[in-house]
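So the chains spell out like this:
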Amino acid sequence: MGQRDHWAHDIYDVFKAYAIAIVSHVPDAGHSRLIDLCASDAAMRVVPLSTEEEGVALAAGAYLGGQRAVLLMQSSGAGNCINMLSLIKACSFPFLTLVTMRGEFGEFNPWQVPMGQAVPATLAALGVIAQRVDAPGDARDTVDGAAGLAFGSSCAVAVLLSQRLVGAKRFGEG
Amino acid sequence: MTTAPDRDTALSRLALTRRLVALLRREEAVVAGIGNTNFDLAAAGDRPQNFYMLGSMGLAASIALGVALAQPARRVVALEGDGSLLMNLGCLATIATVAPPNLALIVWDNGAYQITGGQLAATAAGTDLVAVARGAGIARSAWAHDEATFDRLVAAALREPGPALIAARVDAAPGAARPERDPVLLKDRFMRGLGAR
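From first to last, the protein sequence lines are chains A and B. To convert, note that position 91 of the first sequence is 91 in this note's numbering; the numbers rise steadily by one, no gaps. If you count the second sequence from 1, you need to add 1000 to reach this note's numbering.
Source of the hints: derived by calculation from the structure; they are not laboratory data. A virtual CB, placed ideally from N, CA and C, is assigned to each residue, including glycine. A hint or two may mislead.
Cβ pair distances, simulated, as ranges [claimed, not checked]:
1) A:Gly-152 - B:Asp-1151: 29 to 37 Å
2) A:Ala-17 - B:Arg-1192: 51 to 59 Å
3) B:Arg-1192 - A:Pro-136: 22 to 30 Å
4) B:Gln-1119 - A:Ala-17: 24 to 32 Å
5) B:Arg-1152 - A:Ser-86: 31 to 39 Å
6) B:Arg-1192 - A:Pro-48: 25 to 33 Å
7) A:Leu-126 - B:Ser-1012: 55 to 63 Å
8) A:Ser-153 - B:Gly-1118: 38 to 46 Å
9) B:Arg-1197 - A:Arg-164: 34 to 42 Å
10) A:Asp-134 - B:Ala-1172: 51 to 59 Å
Footprint (simulated), chain B over chain A, 3 or more residues, beta carbon under 8 Å [to be verified]:
11) 31-37
12) 56-68
13) 80-88
14) 91-104
Isolated chain A (complex conformation) (with noise of 0.2 Å):
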């Protein structure tokens, strides 16, 4: 798809109307038009992370410096982030993640399937709000819901994007 109503451009137009100013990754293919979006715009920061752990110390600082991040990833890194989610929820800090997920529709490697299985329960170890977008014309308002509720109310959310929305990869795709 090229098209401008693919669901990417949705979460981008949220994210400046939320004034998003930081948006770091750990990348997954399913990120990659959204991450492309927001490093063309020159009011947008994009931080390639070497994990995401980083990522949830990140949207920490820029909130404590008067700016909104928002952590790109995909279902692994959910559980790498989990001991480090303790700094949102210990602080209150307000906190908005996109999750691609995989281990789940049509999921060809193994390997994936237990961490994007647990995703849910693993986020909602640490209090993290688990809103999930599985149809394209759900994204925009499950992201707008989504952000008012991490920075209106001081909440950590994410958004699971579904591996039916993202697309199922073949072997051989990663």
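Place chain B on chain A using the hints.
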């Protein structure tokens, strides 16, 4: 210097922390990692622009990176122990990639996990964190062999384009004070200190 000092010439962490605080004249932000690092910062001079971590070991530099990106006109310092930095070495590559000109990392290397009983860290066996940082791409990484060199490196890091990393071999004297322990209060105070709230 790029050569690590001998451990038998270790400097006082508290004395170096006091020297750092004395060089802060423009409401620079300081993010201090867990344990004795932030105990000594509290002793050296509590200030609204200090953020004290009580957990999330290893994330001081990553939090400081966020502050530095959010406030490019302000100098930001991360204070971290060697054990903490070893837990998050990838942040050095991230910082080198992002290359924030207003960020400085200061690493206290006592070769041990002091607060949990002095178990040896990899730095005691030979891991050279300045070499690691330089290898990660932070070219302005140096060891401070004495207090005068530390002062000079810190002054340069607060004035010249970074990122910079300064490491010192330090003692294992007990932390000299204890900071406030309410995380929400610490967050709020720091944000007000930075004019972000």
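Hints, one by one, checked against the model:
{"no.": "1", "hint": "A:Gly-152 - B:Asp-1151: 29 to 37 Å", "in the structure": "violated, 45 Å"}
{"no.": "2", "hint": "A:Ala-17 - B:Arg-1192: 51 to 59 Å", "in the structure": "violated, 27 Å"}
{"no.": "3", "hint": "B:Arg-1192 - A:Pro-136: 22 to 30 Å", "in the structure": "violated, 42 Å"}
{"no.": "4", "hint": "B:Gln-1119 - A:Ala-17: 24 to 32 Å", "in the structure": "violated, 49 Å"}
{"no.": "5", "hint": "B:Arg-1152 - A:Ser-86: 31 to 39 Å", "in the structure": "holds, 37 Å"}
{"no.": "6", "hint": "B:Arg-1192 - A:Pro-48: 25 to 33 Å", "in the structure": "holds, 31 Å"}
{"no.": "7", "hint": "A:Leu-126 - B:Ser-1012: 55 to 63 Å", "in the structure": "violated, 38 Å"}
{"no.": "8", "hint": "A:Ser-153 - B:Gly-1118: 38 to 46 Å", "in the structure": "holds, 43 Å"}
{"no.": "9", "hint": "B:Arg-1197 - A:Arg-164: 34 to 42 Å", "in the structure": "holds, 41 Å"}
{"no.": "10", "hint": "A:Asp-134 - B:Ala-1172: 51 to 59 Å", "in the structure": "holds, 54 Å"}
{"no.": "11", "hint": "31-37", "in the structure": "violated (count 0)"}
{"no.": "12", "hint": "56-68", "in the structure": "holds (count 12)"}
{"no.": "13", "hint": "80-88", "in the structure": "holds (count 4)"}
{"no.": "14", "hint": "91-104", "in the structure": "holds (count 3)"}
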